[in-house]
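Undergrad: So you can see what is in the structure, the chains are spelled out below.
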Amino acid sequence: MNIPAEHLSTLEELCRSQPLAALATDAVSHPYVSLVAVAVTDDLRHLYFATPRATRKWSNLARNPQVSLLLDNRSNQVSDFRRAAAATLLGTAQEIDGSAREEGMRIYLSRHPHLADFVTSPSCALFRVQIGRIYLVTRFQNVMEFHLTP
Amino acid sequence: MRPLCIDLTKVSAADLPLVGGKAAALGRLACAGLPVPQGVCLTTLAYEHYLDTTGLRQRLPLLLERKPFNEMRWEELWDLGLRIRSLFLNTPLPEKLAAEITAGLPLRLACAPVTVRSSAPAEDSVTASFAGLHDSFVNVLGLPAILDKLRLVWASLWSDRALLYRQELGLDPAGSNMAVIVQELVLGDCSGVAFSRCPGREGLAAVEAVWGLNQGLVDGDVEPDRLLLEPVTGRIIERHAPVRLHACRPASNGVVLVPLSTEEQETTPLSEATATRVLALLRQAETLFGAPQDLEWTFSQAQGTLFALQSRPITTSTITNEDSERSWYLSLHRSLASLKNLRRTIEEEVLPAMAYDAARLATVDLVSLDNDSLAVAIGERQQILDDWEARYREVCIPMAHGIRLFGQVYNDQLRPDDPFAFLDLLAGDAGLLAVKRNRKMLELAEMLRHDPSVAAILREEGKPGPLAPFSIALAEFADCFGDLSFVIGGMMSGNRKITDLLLEMAAAPPAANRRMQTDEAMFLASFTPEEQEFAQDVLTVGRASYRLRDNDNLAIGRLSQRLHEARDEAIRRQSGGGIPELANQLATGRERVSKRLTPVPPSAGFHGSSDTRLQARQLVGQPAGPGLGVGPARVISQPADLASFKAGEILVCDAVDPNMTFVVPLAGGIVERRGGMLIHGAIIAREYGLPCVTGVPDATRLIRSGDMLTVDGYLGLVVIATP
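Heads up: the protein sequence lines correspond to chains A and W, in order.
Under the numbering used here, the first residue of the first sequence carries the number 1, and numbering increases by one thereafter.
Under the numbering used here, the first residue of the second sequence carries the number 1, and numbering increases by one thereafter.
To be clear, the hints were calculated from the coordinates, so they are not data collected in a lab.
Misleading hints may appear alongside valid ones.
[Said to hold, decoys possible] Pairwise CB distance ranges, derived in the manner of DEER restraints:
{"id": "1", "chain 1": "A", "residue 1": "SER59", "chain 2": "W", "residue 2": "ALA521", "range": "43 to 51 Å"}
{"id": "2", "chain 1": "A", "residue 1": "SER59", "chain 2": "W", "residue 2": "GLY706", "range": "18 to 26 Å"}
{"id": "3", "chain 1": "A", "residue 1": "PRO31", "chain 2": "W", "residue 2": "PRO68", "range": "31 to 39 Å"}
{"id": "4", "chain 1": "W", "residue 1": "LYS463", "chain 2": "A", "residue 2": "ARG63", "range": "49 to 57 Å"}
{"id": "5", "chain 1": "A", "residue 1": "ARG63", "chain 2": "W", "residue 2": "GLU347", "range": "58 to 66 Å"}
[Stated by the list, open to error] Which residues of chain A face chain W? A few of them, derived with a C-beta cut under 8 Å, are:
{"id": "6", "residue": "ALA54"}
{"id": "7", "residue": "THR55"}
{"id": "8", "residue": "HIS114"}
{"id": "9", "residue": "PRO122"}
{"id": "10", "residue": "CYS124"}
[What the hints assert, rightly or not] Here are some chain W residues the structure puts well away from chain A; computed CB gaps all over 12 Å:
{"id": "11", "residue": "GLN383"}
{"id": "12", "residue": "ARG459"}
{"id": "13", "residue": "GLU531"}
{"id": "14", "residue": "ASP537"}
{"id": "15", "residue": "ILE579"}
Positions of the beta carbon are idealized from the N, C-alpha and C atoms, including for glycine.
Chain W extracted, bound-state conformation (with noise of 0.2 Å):
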């Protein structure tokens, strides 16, 4: 019968299978007689009894495979892997299976700080590397929280990169398995990586070392001192020494990263006495499997011995530099060391100066402009939009990943059923600028819902006199947030369209907001005093991501306005007669704007029959809003579109840009082609309470304006009812 748990020692090759790349690796070098930290590997028949026994696996499938794999975008594999994750953090060991696990512990892991490791089946060999890909967790002490890790592990299984890079591979997510290792720790004085050969040099070796554990190394917070060597002789051919700042060590529970000492700044972890060592051990171990290495090591001063913490090939992977959106989705994952650096970066550089280019512009007269100027103005509009779409792609996105980041955090400690519930936490913050603007139109059409008066002339296009209160408070937002002209279009239509909705909104019942699951109290008070620091950075770097990710957006979209008003001037004055300086213009920008809209495809007949007719029925999306909504679709294809959103409608669409949000509170519930629950979409149902369904495929081709619908946020479902 196959085993539950094997002694690192007694890993045979034979065993791959069962105990994964990594645990089959550690297995031969100790065996081989290499130092190797004292540890067990738990199979993967442990993994397969939990997903047997609790029912994981008929469930699984359910939520993997409400979406054809190919057609999710990177967002909706987050939330898979987020929705899987909780899956199995709400799911607990059988008691039976646990007690199984336990009897095959030894004591000393059982009682010692360890490590607990992924070892997958599919790891690390010649042609994939798993590195970084699945969960580890250092300095996990005690049994509960090893049985606990246990299952993180398994759930790394199906983390959004991990899904990826099996879809890359071609490897089926439905045969995955994993197995882990439970190791004891070895607090090492220094730490680091060896490569046989060094990625670019490959004549050469390269060994990288930090002071204290190497987790600060791998997940890219320490910047390591790095030689170059010569493999065989072992000769130093290059060193560099990086500024040292911190080191990663060991905290009440798991680690943390510490300020240096002075000396420690000063000195280098990397001796030549050191790296010597490490290059004879790597020696051995690309001897023992006859391939070249890269190693894991860590050094024990006190006890004098230098580990060998995990080795793999160096692969010869294809994919990994080839296809630069995947890599650059992976480099997206940023520790709340980098994401705090990116904070800065944005709320002290990017934003004001985005802010600086809009305000600049604003004061140009581009009426005064002869033709040639104005054409001048245009191309440099474009061209700083341009600009800072591309800092927003380089800075903007990747901080995004602080949503998720507090995500995971949250849902580690609380464990909520709903995998999500920690959006409430992010979202109604005041300082997003949506928020505002939003809360604004609420605050104008109140005023006309209690001033009837005011409402009527308006009704009649007539304007209230400019001292009205109204009157004054209109023209205040239009400070602020502009006449939204730039969204919902219509030139030269100054408040018309703006009042429309403003008569829409009053003659609506009032929006609601809804209670909210969780409160920033029960986070904080999840952790312990020591992890305070932490829970409030994590909250801290969450909230500025979900903020700056709206105020971002709007950022760009004051400068694409700016951009609008030059080419509305200048299709002003070519409708008067042509001016080729300004249709030259004209005709290189109109491709690109016109890219950002979606065209309604025609709906059809089959068998190329004209008697035929297909009609969407029920569409499954994801649930991203809880709650039943039922009432008239509104497809929303164009911007001008939302002028004519009327109360009580379903707002059906490609896309929510938080520029278009403004027309929420008017909904009745939200369709979105667009998928994820990170979206403007999702999170403003949320926050408004409407039900939302968010990836839909084809959602605004399948559904047409009028329909009605019936939105189902709890299941994710879109019912189309016979007309």
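If we strip away everything but chain A, and leave its shape as in the complex, we get (with noise of 0.2 Å):
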């Protein structure tokens, strides 16, 4: 396998395989993480999370659509500095209704069947990431970028 061929099967794995990403919003004055279970899509173009509306991020998601994510396969082990792969994603989040709820509801369903009470509920709202740039980290400190043009 080539070594690009090589970053993006990582990659893909990474986003197959973890259910879970932290979540950086703007806070204004900070970044503000938190977790969120997530969903990317097969070709790495968009992630779906879902948030009720009365938090802080929806707050901060409403005020600054920019985000960044962090998907990664750590088991906090001292082997992680070596083995563990992180994925460092930007993109824009937007609200998504109609079709496009839809679609992404099937998608974020299909990861997390588990959570169809919590994301079907009236008072939470689906987002979807368009990413524009990701980051992988392997190896401790090989960095590969990712350019998607929309």
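Mind assembling these two chains? They're in different frames, but the hints should get you there.
TA: Below you can see the structure in the form of structure tokens.
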């Protein structure tokens, strides 16, 4: 396997296997990081997550839709420094409705069927992140940047 | 590979983790040649496949771990059990699994009436008996019905009773497993249970018997004939014969209680010959298992056979009787028949007698009593209240199970997405005193809304003329429901506080009642013509249970008001100077009265440091009324706080008492520390379509009046905004 393909496969595996990601939103004076359940599309262009509308992250997103997310497979062992992979995703989040929400819901629920009650609740917003760039970190300090043109 | 189905005759002792205690015991009896109805065991593997292929394995923990188990009230446990049951009801068997199970069921069982019974691996060991904790279904006909009941038996692993019991035993619910027995139904002419050692008379064996199937005996609806026998010789030592009234017999779907013929009423189902055979069977089982047994049996005249239906060791469990609170809770599970009797007792005896006492006490002119007599009156009123509160616990609280019974029947029948949709058929009952009172208050507020001149007079703390329609209506209200002063305090305040509330209600937009999701006709139409009587009975008992629970609370409230009146009179006299006889009486009562109020502990920092602050931002409870409400919090720590309640505020309290529900039409949402879907706060929130979250630990401590709240009644969240 050539090197870019290997990195792409690591990234795809990370996006496929990790149910949770840390989501950073803009809280004006500082970034605000939350743990959210995510679903990434196979083409790596979109990521879905859900949050109740009364939350701080929702208010932050209403003000500034620019987000960053961290997906990783660390096990909190020393070996992570060699083995763990982490992907930092940058993009723009948008609360979706109508047919986009239906499509997003399908993708999100196929990943997290047990969260059906949560995400279908009328008070819960479903967001789609249009991913622009991804930084993949492997072997501690090996960084690859993936650009995705919309 | 582990099998999905095992014939009972092929079950070995090593299969216990796979087939559960009941099936293992039946297998052993069958292998030893004892008469056992034919059947198969659907192993725990079937249950595991179901959880794995449907995703329930991931969904269950989300429900179970919402709140620490030991912090849940019994009511919350029941809600949890109902939610889980609903999840099982609405999650069909995946096709592949259904096909595999079908292939394992012999044709004779798929085409004949069967019983579908639980057999959990943790069940029925010497140290623990799960008798009656999990569901069993008698007289199930046809494959679709069997597969349907299968899921209900699985769900019963998560019933409130089962959860509670496993908690007592220290078993992790997540590790629980369930096998199910599908067994030919033997239409016994008489049935019963037998004990190697009679509870309380250890030296004797006991045999109990009823006509028909023994479901009635097990449920406690049919009183059995009972013999105490000398275990070795079989000599009869004592015989108890009850008044025989009913037998449990198969009906089109399940079983029903039917009246006995005169002949059966007069004849014992437990002849000496039958008792001798049962005792012999019991002794065989005892020898086989090497321990004293508790055996269920049925006798078929046509087959001339005495069948063993179940045998389990007599438990040495010590927890059964020691925790009286728990056994009291378990005793609340009543059958339809016993609830119907309870309803009669409450409606015809308890409530009229309470009303009589309250009315009798109201005629006493407290002002004219001398100090000694007033002290006696306070003592008497306290005693009357205590006696009625004890009676309340004994008969009125068990009656509340009628709501639960109705809820379960409703969900089994209609399988709604919302497991609490059944409440709509109960709520808004015009027979509810609190509903009547609240409607009357809304009418009074409506009068003020349409007559700004009267409202203006009241706002100036004046009084409209005694003949003004509003004054007449207010006087009528006070006659019917009291002036609410016993709820919102303020002795001598007259009608002042209630008019403040009415002004607030008049200024707010009229409260809209929510569209009900369901109606009675739909519920009844889901039953066959033969089941109509049952359906009607369950609905009637559910409604009575719902109505009585509120009305008996208000009846207690009235008696409590009589006590307060006498105490207020004593306090008034005391304020004029020390009166020892009254001071003593007031001192003993004070502690008990204040016990009902929740003090507000101060909010604190952490690390013992004054420059730290701990602030709750989002609290998790149970979604108890769908909707999203935003508004300032009004924390109700004592009844008097209700008087200043403002429209649009979020009612935050320890527990909504039916006596205080009158402010609910003003509220923008409800947050309650006490958990449960059947509590007043939740039910009244549903009625007014208000967002409501219940079971929020420490709600009144972590939320302060004025905090801006968002009540997410869909997800059961309370968000406290940053100031």
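Undergrad: Does each hint hold? Answer for all of them.
TA: We went through each hint and held it up to the structure:
no.	hint	verdict
1	A/SER59 <-> W/ALA521: 43 to 51 Å	holds, 46 Å
2	A/SER59 <-> W/GLY706: 18 to 26 Å	holds, 20 Å
3	A/PRO31 <-> W/PRO68: 31 to 39 Å	holds, 32 Å
4	W/LYS463 <-> A/ARG63: 49 to 57 Å	holds, 53 Å
5	A/ARG63 <-> W/GLU347: 58 to 66 Å	holds, 59 Å
6	ALA54	holds, 4 Å
7	THR55	holds, 7 Å
8	HIS114	holds, 4 Å
9	PRO122	holds, 6 Å
10	CYS124	holds, 7 Å
11	GLN383	holds, 50 Å
12	ARG459	holds, 35 Å
13	GLU531	holds, 32 Å
14	ASP537	holds, 33 Å
15	ILE579	holds, 55 Å
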